[in-house]
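Top to bottom, those sequences are chains A and B.
Residue 1 is where the first sequence starts when you use my numbering, and the numbers rise one by one after that.
Residue 1 is where the second sequence starts when you use my numbering, and the numbers rise one by one after that.
No lab work stands behind these hints, which were simulated from the structure alone.
Bear in mind the structure is a predicted one, so any value in this text is a computation, not a measurement.
There may be inaccurate statements among the hints.
Unchecked claim - With a cut-off of at most 25 Å between alpha-carbon atoms, the simulated SDA-like pairs for lysine to any residue come out as follows:
no. : chain 1 : residue 1 : chain 2 : residue 2
1   : B       : Lys-404   : B       : Arg-291
2   : B       : Lys-10    : A       : Lys-122
3   : B       : Lys-212   : B       : Lys-80
4   : B       : Lys-10    : A       : Pro-97
5   : B       : Lys-9     : A       : Glu-139
6   : A       : Lys-352   : B       : Asp-45
7   : A       : Lys-396   : B       : Arg-291
8   : B       : Lys-149   : B       : Glu-233
9   : A       : Lys-352   : B       : Arg-291
10  : B       : Lys-9     : A       : Glu-359
11  : B       : Lys-9     : A       : Leu-344
12  : A       : Lys-396   : B       : Asp-290
13  : A       : Lys-352   : B       : Gln-305
14  : A       : Lys-90    : B       : Glu-233
15  : A       : Lys-396   : B       : Leu-332
16  : B       : Lys-80    : A       : Leu-95
17  : A       : Lys-90    : B       : Lys-10
18  : B       : Lys-404   : A       : Pro-86
19  : B       : Lys-404   : A       : Lys-90
20  : B       : Lys-404   : A       : Asp-310
21  : B       : Lys-9     : A       : Lys-352
22  : B       : Lys-199   : B       : Asp-242
23  : A       : Lys-396   : B       : Gln-305
24  : A       : Lys-122   : A       : Arg-400
25  : A       : Lys-122   : A       : Pro-97
26  : B       : Lys-9     : A       : Gln-365
27  : B       : Lys-9     : B       : Asp-45
28  : A       : Lys-90    : A       : Lys-77
29  : A       : Lys-90    : B       : Gly-237
30  : B       : Lys-80    : A       : Pro-86
31  : B       : Lys-9     : B       : Glu-121
32  : B       : Lys-404   : A       : Thr-96
33  : A       : Lys-90    : B       : His-38
34  : B       : Lys-375   : A       : Gln-365
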Amino acid sequence: MSLLQSLRPGGRHGVPSTESRDPIGYLVAGLNRLAQSDLLDRVGLRRPAEQAVFTATRSGFKTITAASRTFSAAGTKDQQGVRVAPARTKGVFDLTPTEDEQMLVDVVRELAEEVVRPAAAKADEACLAPEAVLAASLEVGLPLLGVPEALGGISEERSAMAGTLVAEALAHGDMGLAVAALAPGSVATALGLWGTDAQQQTYLPAFTGTDVPAAALALNEPTVLFDVLEPATTATRTADGFVLDGVKSLVPQGAQAELFVVGASLEGRPVLFLVESSTPGLRVEADPGMGVRAASLTRLTLSGAAVPADAVLGDTDGTAYLECVRLSRLAWCALAVGTGQAVLDYVTPYVKERHAFGEPIAHRQSVAFMVANIAIELQAMRLVTYKAASRAAAGKDFAREVALARKLCADKGMQIGLDGVQLLGGHGFVKEHPVERWYRDLRAVGVMEGSVLV
Amino acid sequence: MPINLDDPKKFRPLVGQAHQVAMNMLRPISRKYDRAEHEYPHELDMLAAMIDGLAESGASEGAGAAGVRREETEADASVKNGTNLASVMSIAEMCWGDVGLLLSMPRQGLGNSAIASVADEEQQQRFAGVWAGMAITEPGVGSDSANIKTTATLDGDHYVLNGEKIYVTSGDRADHIVVWATLDRSLGRAAIKSFVVPKGTPGMRVDRLEHKLGIRASDTATIIFEDCRVPAENLLGSPDVDTKQGFAGAMATFDNTRPLVAAMAVGCARASLDLTRDLLAQAGVAVDYDRPAQNQSAAASRLLQMEADWEAAYLLMLQAAWLADNRQPNSLEASMAKAKAGRVGSDITLGCVELAGSVGYSESELLEKWARDSKILDIFEGTQQIQQLIVARRVLGLSSAELK
Chain A
1 MSLLQSLRPG GRHGVPSTES RDPIGYLVAG LNRLAQSDLL DRVGLRRPAE QAVFTATRSG
61 FKTITAASRT FSAAGTKDQQ GVRVAPARTK GVFDLTPTED EQMLVDVVRE LAEEVVRPAA
121 AKADEACLAP EAVLAASLEV GLPLLGVPEA LGGISEERSA MAGTLVAEAL AHGDMGLAVA
181 ALAPGSVATA LGLWGTDAQQ QTYLPAFTGT DVPAAALALN EPTVLFDVLE PATTATRTAD
241 GFVLDGVKSL VPQGAQAELF VVGASLEGRP VLFLVESSTP GLRVEADPGM GVRAASLTRL
301 TLSGAAVPAD AVLGDTDGTA YLECVRLSRL AWCALAVGTG QAVLDYVTPY VKERHAFGEP
361 IAHRQSVAFM VANIAIELQA MRLVTYKAAS RAAAGKDFAR EVALARKLCA DKGMQIGLDG
421 VQLLGGHGFV KEHPVERWYR DLRAVGVMEG SVLV
Chain B
1 MPINLDDPKK FRPLVGQAHQ VAMNMLRPIS RKYDRAEHEY PHELDMLAAM IDGLAESGAS
61 EGAGAAGVRR EETEADASVK NGTNLASVMS IAEMCWGDVG LLLSMPRQGL GNSAIASVAD
121 EEQQQRFAGV WAGMAITEPG VGSDSANIKT TATLDGDHYV LNGEKIYVTS GDRADHIVVW
181 ATLDRSLGRA AIKSFVVPKG TPGMRVDRLE HKLGIRASDT ATIIFEDCRV PAENLLGSPD
241 VDTKQGFAGA MATFDNTRPL VAAMAVGCAR ASLDLTRDLL AQAGVAVDYD RPAQNQSAAA
301 SRLLQMEADW EAAYLLMLQA AWLADNRQPN SLEASMAKAK AGRVGSDITL GCVELAGSVG
361 YSESELLEKW ARDSKILDIF EGTQQIQQLI VARRVLGLSS AELK
């Protein structure tokens, strides 16, 4: 490749492919390449400070996936696994959680406040969830939430509502850590919802035991205008199973995960596949984004990854896949509500303590109304999300409700993130305060597909 | 019982009934009375008789304004879906038909809500069956209703009212007017009381009717009180001036009426959404709830956004009513509901006109009318800004002296 060609600006660094350089542009680009050359280092011209180490940049690590434990096959193939019943409702409008739900939420709230929030800033920077936080979330029993009681979990009926309340409470601590903590449980819940007897017997014991594996729901793909219902990742039938090819993006904890649920197109329909991390043909690389960084987001590449015939989770007509997409969007709405509440709880005392022009800024309508609007839209997001969740738990169709919740949580959630930073002014822009992190995290809500579900 | 935000099952018949009335009685005369402003919609007398009959038979919970009172006597702790939920849901349904006509419904005025909310038992009985308008606003007093200048002076066993009230909904048609007046301006808001004034009381006259942007089927009157003598027993609630309680007594009415206005905005906006969805479907545009909004047409994406905002307002409205049904404080939630419903009401009706193009703008459809009707719902019973002020003070824990 000639120097000139390699200097072509478009298609990289966020530069549109239509851009062209004038002579000064070429000069600047050349200087920049020189600045990047390690020649400078060899002759000792670069200040040590310029040798920034980005532990989590894309070239930071590239690895094969974690070696998975041996999930010893058990149970009967082709036999439907255990299914929990839908929640019973008497048709009474009611916003009160059940006693069990309230107890669960109280415990998770405490975890969020005492363990998750204090660890959030460092985890965001390191793109890594601390072991202690994940261990504490396991202690609370998060992975058991969506697993049927008969299989060692705690779910007696559909857990979408409880899962929503838990995700909200956990995200009040931190969205990124919440995603890391909820990812294994999401896979366990998926197994509870759609697994065959064999799949449940094979994988769920690991999730209900003491050494819970990292696991992730990989639906997203790195394309613009990505439509999750039409994944570019393909599954091809072979004599003894399927071969998967494609790239999944923003997969939480991909490097640690021992089990993936991968979305792929099989004969034109989207289908979920269980893929163990030791499967040959998998490669994982760091894929950090603007936020949700504590979830150690990765890109998972599948090249000729062969999986057995019983790796299909659910059906092959797209039904389970569609429900999975909806439940995942619901989880992201819950995460947005929790994070939005964190913003409101943070800015409320701040604007009352911060003085300008001789009085607290909260005494000014322009400031106070911004806080009022955060409160109004947040409560609206919560109610619309709860409606979708309660319908999901009751086994009713919730396609419309979850679509409305996602739209509202993406739009208003982002607005809350924006206003949170704005209310703190310059202080909001620096990392001394968490509002800039919530701003980055809340952008995820309209973008994310998969990763977690309730 | 699990969390459930679906419409209460027990009100399905009520809502269905209101929907049929809205569709078959209000819609056919909707445009007629939008054009014939100030003409009395006599069709409504028949409807009012029907609603009264249904209420007598126990088959209905009324068209809304009848009951927003908290049942203090019930002792059991089970979750209630009661009068307040029934009211907001049936009002929303009627306003899906026509907001102006709902406001003109005999015996369902905002004054009736005030009576139902603050009158004592004896007054409840004495004013049963009246049609009461509500007179608060004055030429120099809008949102700061604590500052009203109409006076009530005790003279023997009568109060003498003096002052000018504007924007009295159904002020000409109603047979009674609930008037806010101050017993002593120097005592501030605590001295503001409400009085029920029967039509025809000497010293009270309707000065003029307004010509308006929307809700033209509803008459909006200016009423002048000149040495108007009202029996002392027509003062609603307690005549004592309790400076500690302050304005709370009179303002309590608003906690009950704000969810009703939110319901009006929700109903009107749904009329626009329903028609626009249908018109767009005929033009080949439908929302796919499972596809990302950005992968759909701009029209579908906008419709999805409006429907999401609508759902938000609807659920905030239900929440405020549900809290009242279960005897929990709801002043914050009532204001949230009205703020959200008021603003998305206009955004939706205006957005639907835009999506429908000249079909939406022309009088050949009702979309342009709904876009005019909806605006008042972000103004009366407390403007958008007043609701934000209330929410902000509550959330921030600030007094009205701190956050002005």
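A quick look at each hint next to the structure:
no. : hint                     : result
1   : B:Lys-404 with B:Arg-291 : 45 Å, violated
2   : B:Lys-10 with A:Lys-122  : 52 Å, violated
3   : B:Lys-212 with B:Lys-80  : 39 Å, violated
4   : B:Lys-10 with A:Pro-97   : 21 Å, holds
5   : B:Lys-9 with A:Glu-139   : 40 Å, violated
6   : A:Lys-352 with B:Asp-45  : 54 Å, violated
7   : A:Lys-396 with B:Arg-291 : 20 Å, holds
8   : B:Lys-149 with B:Glu-233 : 22 Å, holds
9   : A:Lys-352 with B:Arg-291 : 42 Å, violated
10  : B:Lys-9 with A:Glu-359   : 51 Å, violated
11  : B:Lys-9 with A:Leu-344   : 34 Å, violated
12  : A:Lys-396 with B:Asp-290 : 16 Å, holds
13  : A:Lys-352 with B:Gln-305 : 33 Å, violated
14  : A:Lys-90 with B:Glu-233  : 45 Å, violated
15  : A:Lys-396 with B:Leu-332 : 31 Å, violated
16  : B:Lys-80 with A:Leu-95   : 11 Å, holds
17  : A:Lys-90 with B:Lys-10   : 10 Å, holds
18  : B:Lys-404 with A:Pro-86  : 50 Å, violated
19  : B:Lys-404 with A:Lys-90  : 45 Å, violated
20  : B:Lys-404 with A:Asp-310 : 67 Å, violated
21  : B:Lys-9 with A:Lys-352   : 44 Å, violated
22  : B:Lys-199 with B:Asp-242 : 30 Å, violated
23  : A:Lys-396 with B:Gln-305 : 23 Å, holds
24  : A:Lys-122 with A:Arg-400 : 38 Å, violated
25  : A:Lys-122 with A:Pro-97  : 33 Å, violated
26  : B:Lys-9 with A:Gln-365   : 41 Å, violated
27  : B:Lys-9 with B:Asp-45    : 30 Å, violated
28  : A:Lys-90 with A:Lys-77   : 37 Å, violated
29  : A:Lys-90 with B:Gly-237  : 38 Å, violated
30  : B:Lys-80 with A:Pro-86   : 23 Å, holds
31  : B:Lys-9 with B:Glu-121   : 31 Å, violated
32  : B:Lys-404 with A:Thr-96  : 35 Å, violated
33  : A:Lys-90 with B:His-38   : 46 Å, violated
34  : B:Lys-375 with A:Gln-365 : 23 Å, holds
Hints 1, 2, 3, 5, 6, 9, 10, 11, 13, 14, 15, 18, 19, 20, 21, 22, 24, 25, 26, 27, 28, 29, 31, 32 and 33 from the list above are not met by this structure, while the remaining hints are.
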